[in-house]
Every structure is written in structure tokens, then in C-alpha cells.
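**Q** Okay, here's what each chain looks like letter by letter:
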Amino acid sequence: MRLRAMNDTAHTPPPRAIEAQGLARSFGGRRALAGVDLGVGHGECLTVFGPNGAGKTTLIKLLATLCRPSAGRAWVDGMDIRSQSVEVRRRLGVVTHSTYLYNELTVSENLRFYGRMYRIPDMEQRIREVVSQVRLESRIHDRVGTLSHGMQKRVSIARAVLHNPSILLLDEPESGLDLHAALMMRDILDTMNSGDRTVVMTTHNMERGLAIADHVAILHRGRIVYHAPKREIEVSGFQGIYSQHTS
Amino acid sequence: MRETFISIFAIFWKDILSGLRTKEILTSVLVFGLLVLVIFNFAFEPGAGIRESVAPGILWVALVFAGVLGLNRTFDPEKENSCIEGLMLCPVERHVIYWGKLASSLTFMLMVAVIITPIFLALFDLPLFLPRLALIIALASLGFSAIGSLFSALSVGTRARDLLLPILFLPVAVPIIIAAVESTGLILEGRPWGDMWTWLQIMIAFDIIFLVISTLVFEFVVEE
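Chains as they are written, first to last, in my numbering: chain A, 1 to 247; chain B, 1 to 224.
Be aware that a few hints might be false.
Unchecked claim - Pulled a few chain A residues facing chain B out of the computed Cβ check, cut under 10 angstroms:
(1) Cys67
(2) Arg91
(3) Leu92
(4) His97
(5) Ser98
(6) Tyr102
(7) Arg135
(8) Leu136
(9) Glu137
(10) Arg139
(11) Gly240
(12) Ile241
(13) His245
Unchecked claim - Away from chain B, derived, C-beta distances all over 12 angstroms, residues of chain A:
(14) Gln21
(15) Asp37
(16) Ala64
(17) Asp80
(18) Gly93
(19) Arg128
(20) Val144
(21) Ala160
(22) Glu174
(23) Ala181
(24) Arg186
(25) Met206
(26) Arg208
(27) His220
(28) Gln244
Rather than coming from a laboratory, the hints here were simulated on the basis of the structure. Fair warning: this is a prediction, and the values are worked out from it, not measured in the lab. No residue lacks a Cβ here, since even glycine has one placed at the ideal position from N, Cα and C.
So here's chain A without its partners, still in its complex pose (with noise of 0.2 angstroms):
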């Protein structure tokens, strides 16, 4: 019995970094997400690309257990985001339009926050390395209101990582910065999404989200309506391919 059950489990494919099915979600009357299946392996890194209001938001809420989904089901790690909502945020480090930083505390008072909510064991050698990562060791003990929005960004992604997590869900993590700001965070992204990290990215940067990509999704009035693999695109007609799902 037990040679069996060892079988069983040799057999069981590893779960996907992140599943859904038939992920839908409505607000009132209206469907943001009208049943969305999805895969992305470990270490894989998919991009999302729509038009304003296509769910992508709602998307990335629903995996990281901000919302509940009306309909579907999803798991991250082999988790489900209903029932082990807990043991799916251990997992995750969401950066979003929003910082979720606190404007009268510090940025390691933030941080510090953030790390005793995770746990993080020896939290002021990470604290440390995590502020150096996005380049602000200098501003460690300023509050948050009084730095620039793309320090804030760089703050933002810091407190994402400050727990290791092995999948980041990206909402359009360049958005509202200058261009200086914005090739700044795409180098400290490079940098974080090395290794064997999973990534779920939204962006409307298609040179940006193509770089980055082994796989792309197009999302369309809360369908998926395009998925391939990056190397089977030719990067170049990409937004011709984008134009005629999206029109």
C-alpha cells in the first residue's frame, strides 16, 4: 500500500506555479473577468496585455486573494486561493499602481512593518538588503510622503521582495514614471525576476512586457483571447496580433 502511494506521487506531475479555471469575477452588474484559464510554470514569466479595463487588474486581485472569484477556481503553488488564502500570500510579492506604503513612517518603518507581518527571520540584515537592491540606502530613515513617486515604486518593490516570494504578480509596475524612474525599476526587475522566480506581469509596454515574456497573454473584455509562447512570436508583428484581438 505504502509502494503504491510512493507511485502515486511519483506519477503526480508537480503542481504549476499558477493555475486558474474558469476564473471569473463580476462587480454589481458587470463582468470584469468572464472565465479565464491559465498556466504559467515555475520559473516562467507570462505577460498581460490588454486595453484599459479589460481585467487585468481584477486579474492579478483574484490571484493574489485581494478578491474572492464569482466563479472558477485558481491555485498558486498547487494552493487554492479560496480555501488556503494564507499559504498563497506566503507565496506571493505583488507590486501594483498602488505603493501600500504607510506616508508618515520611514521607509524601514514600512519595511519593518511588512517583515514582522511575514515573519522574515533576521529582518534587519534583509531590511538592509532588500533597501540596497532598489538603490536607496541613503534615504532609509525618511518617511515615505517625502520621497519622489519613483522612490516610492522603488520602496514598493522592496517591500514585495522583503519575504523571498516565489511568484511576483507585476500590475502595470512602471506606471505614472518618468522615464528615468521607469529604467531604473526595469533594471531592479531584471534583477529580481533572475533565478528561478515566477512572474505574472500586466503592462501596456509591449516592448517592455515582450522583453521579459516566455509566455504572452492578450486579455479582452475579461477573456483571454490570445496565448502563445513568446518564441513563437514574431516580436516585430506583435502589434498587429494585438490590434486584431483587441479591435
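Given chain A's structure and the hints, the job is docking chain B onto it.
**A** Chain B in isolation, oriented as in the chain A frame:
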């Protein structure tokens, strides 16, 4: 269990730190509470005849309305930069967030009471050392904070938030307010413990009911 307490304390400490930095809420609430006491002090000439009948009401008008002002701001820090979502992304059950917010709003209410109550006692020429009154204030503040933290989370995303919280809060808090006013009256009359036991029981019962219900429904309030 220990981890839960660490998370609750982290939220509590973050709120205290943030509140002490801004000072605007505590200052405005204290000014409001003191104004109420001073105005009522002029309206009713302090004297043995009216002391027992109006003094408890005056104290609780000041504490309740000052408290509502403060409770309205409980989730303010979570609104800026969508910090409530940052909290909800933390690997803790939703009720841990509620208990953290409850701890900070209870501390806030007790701080207001610690400043307002001695001034009230002095203005109305009452004895300053009333340990039984401290117990009543603690029980009532716990009930107010339990309801207020939940309704504050409910109203924070609405445009009519300043109006919505009192409309939701005051009718639900009526049993605790009545019990607090009645037992304060009995204390000021110098009546024994036994006379106020019924009111104490009502306050304890409502505190438990509000804490349990709020803990259970908070998840749905913040997620929907």
C-alpha cells in the same frame, strides 16, 4: 497563537506610530471633547441637585462623540496608497487585521477618556479617584471600538463616510451607551457594586457579542 499576537501587535504599533506622527486626530478629538464639557458646564450650573442626573450624560456625550470622530479615522492610514490591500496581502487571517485595528482604536479611545474624564470630574466638582468609573469606561470603550472598527472598515471606501459611521454606529451602540450612562450615575450617587451589576452584565454581554460577530464578518467587509 504567538504569531497571531505578533501580527496584531505589528498593526497596533504601526497605527500608534502613525497617529503620534500626525497628531491631527488626537488633537481634534480632544479639543472637541473638552469643548463639549466646557459648554455643558456653563449650561448647567454645577450643584448637588442636578449633578447625579445630568453629569453622567454629559460625560458620555463627550466620550461617545469624540470617539466617533476618532473611529471615523481608524482606517484612514489604510486608505492612503491603498494600504488596506497591502495589509490584506499579508499571510494572516483577515480577523487578525480586525484585532490589530481594534487594539489601536481602543487605545485611542482610552487615551481620550484618560484626558477628558479627570477634567469632567474636576469641572463638576466630583471625586477624582473613581476606580469603578474606570472599569465602566474600559468596558464601554471596548464595545465602541469593537463596533467602530468594523463599521469604519465598512465606511472607509464610501464618499459619505463621515455621515455613514455615526448612522451605523450609534443605533448599534445604544445598549452600551445606556448601560454606561446608568452605571456612571450609580457610581456618582455612591451606590454599591450590587446595584450596577445588571448594567455591567449588559456591557460585558454586548462586548462579547460585538467582538465575536465583528471577528466573523470582517473578512466579508474588507473583501467585498
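**Q** Taking the hints in turn, state whether each one holds.
**A** Outcome of the hint check:
1. Cys67: Since chain B brings a Cβ to about 6 angstroms from A/Cys67, closer than 10 angstroms, the hint holds.
2. Arg91: Holds. Min distance 9 angstroms.
3. Leu92: Since the shortest Cβ distance to chain B is 7 angstroms, the answer is holds.
4. His97: holds, 8 angstroms
5. Ser98: OK, holds: A/Ser98 within 10 angstroms of chain B, min 4 angstroms.
6. Tyr102: With a closest approach of 6 angstroms, the A/Tyr102 hint holds.
7. Arg135: With a minimum Cβ separation of about 21 angstroms from chain B (threshold 10 angstroms), the hint on A/Arg135 is violated.
8. Leu136: Cβ of A/Leu136 sits 17 angstroms from chain B, so the hint is violated.
9. Glu137: Nearest chain B Cβ about 22 angstroms off; hint violated.
10. Arg139: For A/Arg139, the interface hint is violated, since the closest Cβ of chain B sits about 17 angstroms away, which is over 10 angstroms.
11. Gly240: Interface hint status for A/Gly240: violated (36 angstroms vs cutoff 10 angstroms).
12. Ile241: Violated. Min distance 32 angstroms.
13. His245: Not OK, violated: A/His245 not within 10 angstroms of chain B, min 30 angstroms.
14. Gln21: The assertion about A/Gln21 holds, with a minimum of 21 angstroms to chain B.
15. Asp37: At roughly 23 angstroms from the nearest Cβ of chain B, A/Asp37 sits farther out than 12 angstroms, so the non-interface label holds.
16. Ala64: The claim breaks: A/Ala64 does not keep its Cβ more than 12 angstroms from every Cβ of chain B (closest is about 6 angstroms).
17. Asp80: holds, 15 angstroms
18. Gly93: violated, 9 angstroms
19. Arg128: holds, 19 angstroms
20. Val144: violated, 8 angstroms
21. Ala160: violated, 9 angstroms
22. Glu174: Non-interface label on A/Glu174 holds, nearest chain B Cβ at 17 angstroms vs cutoff 12 angstroms.
23. Ala181: holds, 17 angstroms
24. Arg186: Holds, because the least Cβ-Cβ distance between A/Arg186 and chain B comes to about 22 angstroms, which exceeds 12 angstroms.
25. Met206: holds, 26 angstroms
26. Arg208: holds, 23 angstroms
27. His220: Given a closest Cβ separation of 25 angstroms, the condition holds.
28. Gln244: Holds, since 34 angstroms exceeds 12 angstroms.
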